[in-house]
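Here are the chains, one letter per residue:
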Amino acid sequence: MERPIRVLVAKPGLDGHDRGAKVIARALRDAGMEVIYTGLQQTPQMIVEAALQEDVDCIGLSILSGAHMTLLPKITTMLRENDGADILVVAGGIISDEDALALRNDHGIAGIFGPGSSTHAIIDFIREHVQRSSVEG
Amino acid sequence: MELVAKARAGNRRALARLITLVEAGDAQAQTALAALYPYTGNAHIVGVTGAPGTGKSTLVTQLALHWRSLGRTVAVLAVDPTSPFSGGAILGDRIRMQSLGGDSGCYIRSMASRGSLGGLSRATGDAVKVLDAAGFDIVIVETVGAGQAEVEIAREAHSVVVVEVPGMGDDIQAIKAGILEIADVFVVNKADREGVERTVRQLQMMLHLGSGEHRDGWEPPIVQTVSNTGKNIAEAAAAVERHFEHLKSNNLLELRERERIEREWKMIMRERLLRQLLQRLEPQQYEHLLNQMAERQLDPYAAAKQAIETVLELS
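Note that the protein sequences, when read in sequence, are chains A and B. Just add 35 to the spot in the first sequence (first one is 1) and you have my numbering. Just add 3 to the spot in the second sequence (first one is 1) and you have my numbering.
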């Protein structure tokens with residue numbers, strides 16, 4: 036039996052709006068994924084630590100505070116430093132096209148989903164891009 | 004196996020990988036478990052179970068913080084149910100466990116129940132072995148005490164903590180739930196709420212309704228806690244430790260372990276025998292027996308007998 040895709044859904048930074056993150060968590064669960072939901076106000080350290088402990092295939096970040104250019108690159112850098120570069124990172128929230136381009140090209144955020152994105156598009160993207168690396172010693 | 008050596012040396016990524024691997028339960032998992040097994044048998048396994056909303060995750064966090072403050076390493080395995088419809092799960096226990104972050108002496112892993120009763124206890128049992136072999140002093144397994152599968156998992160622990168809160172139905176509900184018998188320590192959480200005396204009284208009464216003989220000569224203590232504020236957490240932790248000492252000093256630990264290992268062994272043999280049996284049964288005969296049962300020409304007991312006899316004669 037194929038094991039389910041494991042996704043960490045987290046909200047970095049200080050904004051308190053987690054409805055979007057919860058909708059995504061629910062949609063991913065309904066698509067058969069195991070979603071580890073960590074809640075609000077997560078630091079990059081907390082997110083990376085949780086992702087590594089939980090051995091997730093993907094991290095979904097929801098950010099509405101405007102601090103995405105600071106926080107998101109920190110997370111991907113820390114992942115690289117901690118042997119977690121194979122984890123797919125996607126983000127959602129209020130992110131301008133210009134920033135989205137930079138995050139994708141320079142900071143290892145594989146997919147960015149702004150307001151109005153369909154949950155199907157997000158699910159398909161994760162399924163397509165996640166690296167189901169066979170576990171090796 | 005390199006992954007095992009790395010995990011034992013403190014590499015958290017390797018540890019996380021190993022758990023993913025044993026959870027999958029394939030041939031690779033068996034290689035890993037074989038390499039791990041000699042290092043198991045040292046951790047104190049603590050099961051924590053109770054109805055949803057009783058504050059289990061917060062209590063587990065506080066217990067872990069307490070044991071960490073005493074210099075003991077702690078791993079938490081938080082089990083949540085898988086949706087029977089989509090096969091997915093939302094695992095939210097970490098939300099309450101944030102204060103355990105940033106500490107290399109603490110490891111938290113969320114686990115989804117993924118289907119069957121037998122499958123869940125195998126997967127959690129194997130994940131516990133990984134954490135035990137990785138050298139954690141205490142492994143806490145947290146499950147929702149809502150179904151037989153979860154209760155079974157908690158039962159596999161050395162010390163079982165059952166969490167109750169004031170105002171959750173009458174005493175008969177507690178008997179019905181069937182989790183009273185498995186408790187080594189009762190925690191009445193949210194003890195700052197109204198009705199706590201009544202809940203404690205009911206538990207005491209329940210404990211004395213039985214034959215008067217307690218399992219293993221241990222009378223489960225009742226500890227009142229307020230997990231949010233940390234009130235009486237040290238007492239709850241001490242009760243759990245006293246229970247473990249009780250098991251050790253009366254040679255009960257060895258006995259419990261033997262029984263647990265025996266159950267596990269039999270379960271594995273049962274699974275394997277069934278698989279082998281099904282492999283050796285001709286597909287036509289399999290279909291034929293199934294059809295006969297569906298048409299009520301053959302009962303399941305007779306069909307099982309036929310299938311087993313056919314295979315045994317062939318081999």
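Keep in mind that the hints were calculated from the coordinates and are not lab data. Virtual Cβ for every residue (Gly too), placed ideally from N, Cα, C. There could be a bad hint or two in this list.
[What the hints assert, rightly or not] Among the chain B residues that face chain A by a calculated CB cut under 8 Å, a handful are:
| hint | residue |
| --- | --- |
| 1 | Ala19 |
| 2 | Ala27 |
| 3 | Lys269 |
[What the hints assert, rightly or not] Pairwise CB distance ranges (calculated):
| hint | chain 1 | residue 1 | chain 2 | residue 2 | range |
| --- | --- | --- | --- | --- | --- |
| 4 | A | Gly51 | B | Glu260 | 42 to 50 Å |
| 5 | B | Leu281 | A | Gln166 | 54 to 62 Å |
| 6 | B | Glu197 | A | Glu133 | 50 to 58 Å |
| 7 | A | Ala156 | B | Ser107 | 35 to 43 Å |
| 8 | A | Asp121 | B | Met270 | 30 to 38 Å |
| 9 | B | Arg196 | A | Gln166 | 45 to 53 Å |
| 10 | B | Met208 | A | Ser100 | 46 to 54 Å |
| 11 | A | Gln166 | B | Pro41 | 26 to 34 Å |
Exercise. Against the structure shown, which of the earlier numbered hints fail to hold, in ascending order?
Worked result: Per hint list: 3, 5 violated.
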